[in-house]
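In case you want the letters, here they are:
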Amino acid sequence: MRLSEQIRQAIWGVSAWKGRSLALVVALACAITTIALLLAIVVGFSREIERTSFGAYARALVISENLQVFDRYGPPRLRNISPLRAAIPEAESAAAWRSTFVQFTLVQERRGGFLYGAAGAARAEIDADLAAGRFLNESELAVDGSATQRACVIGATIAANLCTDGAERCLDERLRVNGRDCAILGVLEPSRSVSGRRFDGAVITTFGAAARQFEVETQIAADETSWITLLLPADADRQKAQTAADLLLRKAVGAPLSQPPPFSYQDPSVDVRDLARQRRIFGQILLLVGITACVGGFVAFGSVIAAAINERRREFSLRLTFGATPGDLAGQIAIEALLVGLISGACAILLTLVAVVAAQEFVSIPLALSLDTLLANIAFGLFIALLGAWPVVWRIANAPVNQMLRQ
Amino acid sequence: MTFRLSVERLVRIFPAQGGAAEPTRAVDGVDFVATAGEITALVGPSGCGKSTLLAMIAGLEPCDSGAVRAGAVTVTALSAEKSALWRRAHVGFLFQDAGLVDRMRVIDNVMLPMIYRNAKPRDRRAAAIAALERLGLGNMIERRVDGLSGGERRRVGFARILADPRPLLICDEPSAGLDADNTEEIRKLLQIARADGACIILATHDPELVTVADKVLPMRRGQLVAPDLALRAGAQQAAAAS
Numbered sequence: 001m002r003l004s005e006q007i008r009q010a011i012w013g014v015s016a017w018k019g020r021s022l023a024l025v026v027a028l029a030c031a032i033t034t035i036a037l038l039l040a041i042v043v044g045f046s047r048e049i050e051r052t053s054f055g056a057y058a059r060a061l062v063i064s065e066n067l068q069v070f071d072r073y074g075p076p077r078l079r080n081i082s083p084l085r086a087a088i089p090e091a092e093s094a095a096a097w098r099s100t101f102v103q104f105t106l107v108q109e110r111r112g113g114f115l116y117g118a119a120g121a122a123r124a125e126i127d128a129d130l131a132a133g134r135f136l137n138e139s140e141l142a143v144d145g146s147a148t149q150r151a152c153v154i155g156a157t158i159a160a161n162l163c164t165d166g167a168e169r170c171l172d173e174r175l176r177v178n179g180r181d182c183a184i185l186g187v188l189e190p191s192r193s194v195s196g197r198r199f200d201g202a203v204i205t206t207f208g209a210a211a212r213q214f215e216v217e218t219q220i221a222a223d224e225t226s227w228i229t230l231l232l233p234a235d236a237d238r239q240k241a242q243t244a245a246d247l248l249l250r251k252a253v254g255a256p257l258s259q260p261p262p263f264s265y266q267d268p269s270v271d272v273r274d275l276a277r278q279r280r281i282f283g284q285i286l287l288l289v290g291i292t293a294c295v296g297g298f299v300a301f302g303s304v305i306a307a308a309i310n311e312r313r314r315e316f317s318l319r320l321t322f323g324a325t326p327g328d329l330a331g332q333i334a335i336e337a338l339l340v341g342l343i344s345g346a347c348a349i350l351l352t353l354v355a356v357v358a359a360q361e362f363v364s365i366p367l368a369l370s371l372d373t374l375l376a377n378i379a380f381g382l383f384i385a386l387l388g389a390w391p392v393v394w395r396i397a398n399a400p401v402n403q404m405l406r407q
Numbered sequence: 408m409t410f411r412l413s414v415e416r417l418v419r420i421f422p423a424q425g426g427a428a429e430p431t432r433a434v435d436g437v438d439f440v441a442t443a444g445e446i447t448a449l450v451g452p453s454g455c456g457k458s459t460l461l462a463m464i465a466g467l468e469p470c471d472s473g474a475v476r477a478g479a480v481t482v483t484a485l486s487a488e489k490s491a492l493w494r495r496a497h498v499g500f501l502f503q504d505a506g507l508v509d510r511m512r513v514i515d516n517v518m519l520p521m522i523y524r525n526a527k528p529r530d531r532r533a534a535a536i537a538a539l540e541r542l543g544l545g546n547m548i549e550r551r552v553d554g555l556s557g558g559e560r561r562r563v564g565f566a567r568i569l570a571d572p573r574p575l576l577i578c579d580e581p582s583a584g585l586d587a588d589n590t591e592e593i594r595k596l597l598q599i600a601r602a603d604g605a606c607i608i609l610a611t612h613d614p615e616l617v618t619v620a621d622k623v624l625p626m627r628r629g630q631l632v633a634p635d636l637a638l639r640a641g642a643q644q645a646a647a648a649s
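If you read the sequences in order, they're chains L and C.
Under this note's numbering, the residue at position 294 of the first sequence is numbered 294, and the numbers go up by one with no gaps.
Just remember that this note's numbering sits 407 ahead of the position in the second sequence, which is counted from 1.
It is worth saying that the hints were derived from the structure and are not from the lab.
Wrong hints could be hidden among the right ones.
What the hints assert, rightly or not - One-sided excerpt, in silico: chain C residues whose CB lies under 8 Å from chain L: (1) Leu492; (2) Val508; (3) Leu519; (4) Pro520.
Claimed, not checked - Which chain L residues stay away from chain C? Per the calculated CB distances, all over 10 Å, these: (5) Met1; (6) Ile11; (7) Gln68; (8) Glu173; (9) Arg174; (10) Ala255; (11) Gln259; (12) Ala293; (13) Ala324; (14) Thr325.
Ideal Cβ placement from N, Cα and C applies to all residues, glycine included.
Given only the sequences and the hints, what does the whole structure look like? Please build it.
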């Protein structure tokens, strides 16, 4: 029997029992949608948790002065950045920061807050969009700290307090930092990540200006940093990067390996790993729910198929009588199951899309849906359909013809 | 080559079931020969083994001993797969209940056996329409068969045979439950098939239908009863008919 004919007969089989086919499609589509939504929830929540917790900072190696050591080596310096980049080639970018507490005056209001001097790729660490104006440009962020322009970008909280008429108005205001003017280049939106929120209530300026123009009581030298951030790829070996940085910096400051490390290496991803562990447990719970839905769908599908085959025993007997081989019948049933699986997968895609849009629109549940997940819907539908129909297909293919006819 | 069916000492024994002490010898040493253009009637009460014998002839039921030969092929020695292939090429069926698939349309039911012979869709549709029109069913080709009367269903079953004639036609109680007019209709249809050269094996206990047979084989408890007498009776009936 030709495959095209088997497909035609299978289409007839699906369409002739509309109620049953509909029940099968609904049961299977619901099971697949449940799995797809669980997947979207796990991925969506995990991305959201990581992003709101630390953003890109979670992938960073943060080097600062080690205040626990007896010998004072001081903080890391700007000149360490280039050798560090060379020693850790996998680092995507580097930034140097210098922080100090200052007095701001904007309009008639005066208040205290942090001033951050930035050099290098600082924007990733802030993790905030611009509400108005622009961010410091490449020359203003030169990693040698040579830029000393009194150019400032102000955080969202300060902007909200000082420019009540909107972020744009801040650009026209006069900002004074420790009594010296600073041109407002831009205003930031609130940071998306927890680690970036420290910049919401702060002013960011060039590294050189922070060191040479705005600091009243300087405690560290002009080329010394509060910390250096090396941004690593998500799959990078942090331990290896830290060891390379430690060896390099020990050599630079002359600290032997027998001594404690001259600098401190913070691993912001420790907390992320905790979160990841929690997420894994959460994912396992959802996986259990998914497997239950999957088994439920499989059992429901298999039962309906088996009941349908019993109902159609007379038809199959006739087909065998007219010369269909058991293989022909098994093929037809398998194709019918695949058709139902395909339709269910397509319906599940629609249901998933509707559910995701509704969840994001009305209840703000962070769901991540990819093309892979949608295609997996169809593949999963086909898999469950074949798996559910397999016992019946096997029984038909192996049943003696006379037995089929007598039943 | 003319089709020739030979049933040789055929035996089928079902194991004891439902508290019965002895196994049932459903078919017990049946021997006969049937040829093309001939109607062979198996007559006898219900449960005498007619339907089992027909199933064995069609290769649907295995045998415990003996053989069914159709030309050079020993049907009882074929595997399930080969038996299906032989059946699709050589055997047509007319069932007691017409053997229709209820949710299918009339035309699809008529075309169903041709699907397994890989006939082209256009050819099988043309053959089905021609057969249905020949039997006066041309106006109901698109109807679903579950809305037809008993007589109409039986005619659709016969149209299936006419649309795709096979050398061997197996009819199992084709007139059961039909009134006199419809039985007469079936009689005529069997005569048409015989005229077309089919070898027809007919199981019935309808005396009206037996009159169309060339050979009558009475059965009791799985055995042919006095086959010589039966053959003589068949010959007498044939002579009377001519």
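Structure-based check of all given hints:
At about 7 Å, the closest approach between the beta carbon of C/Leu492 and any beta carbon in chain L falls short of 8 Å, and the interface hint on this residue holds. Annotation: C/Val508 was flagged as interfacial toward chain L, and the flag holds, the nearest CB pair being 5 Å apart, inside 8 Å. With a least beta-carbon distance of about 6 Å to chain L, the hint placing C/Leu519 at the interface is held under the 8 Å criterion. Proximity of C/Pro520 to chain L holds as hinted, the smallest CB-CB distance being about 4 Å (cut-off 8 Å).
For L/Met1, the condition that its CB be more than 10 Å from all CB atoms of chain C is violated, with the nearest at approximately 6 Å. The non-interface label for L/Ile11 is consistent with chain C: the shortest C-beta to C-beta separation is roughly 12 Å, beyond 10 Å. The claim that L/Gln68 lies off the interface holds: its Cβ sits roughly 82 Å from the closest Cβ of chain C, which is beyond the 10 Å cut-off. For L/Glu173, the shortest C-beta to C-beta distance to chain C comes to about 80 Å, beyond the 10 Å cut-off, and the non-interface label holds.
Every CB of chain C lies more than 10 Å from the CB of L/Arg174, the least distance being 85 Å, so the non-interface label holds. Under the 10 Å C-beta cut-off, the non-interface status given to L/Ala255 relative to chain C holds; the minimum distance is some 83 Å. Chain C leaves L/Gln259 outside its interface by the beta-carbon criterion, the shortest separation being 83 Å against a cut-off of 10 Å. Residue placement check: L/Ala293 keeps its beta carbon more than 10 Å from all beta carbons of chain C (closest about 32 Å).
Interface exclusion of L/Ala324 from chain C breaks down, the closest Cβ pair being 5 Å apart, not more than 10 Å. A beta-carbon of chain C is positioned within 10 Å of the beta-carbon of L/Thr325; the least distance is around 4 Å.
The structure fails hints 5, 13 and 14 (numbered hints given earlier, in ascending order).
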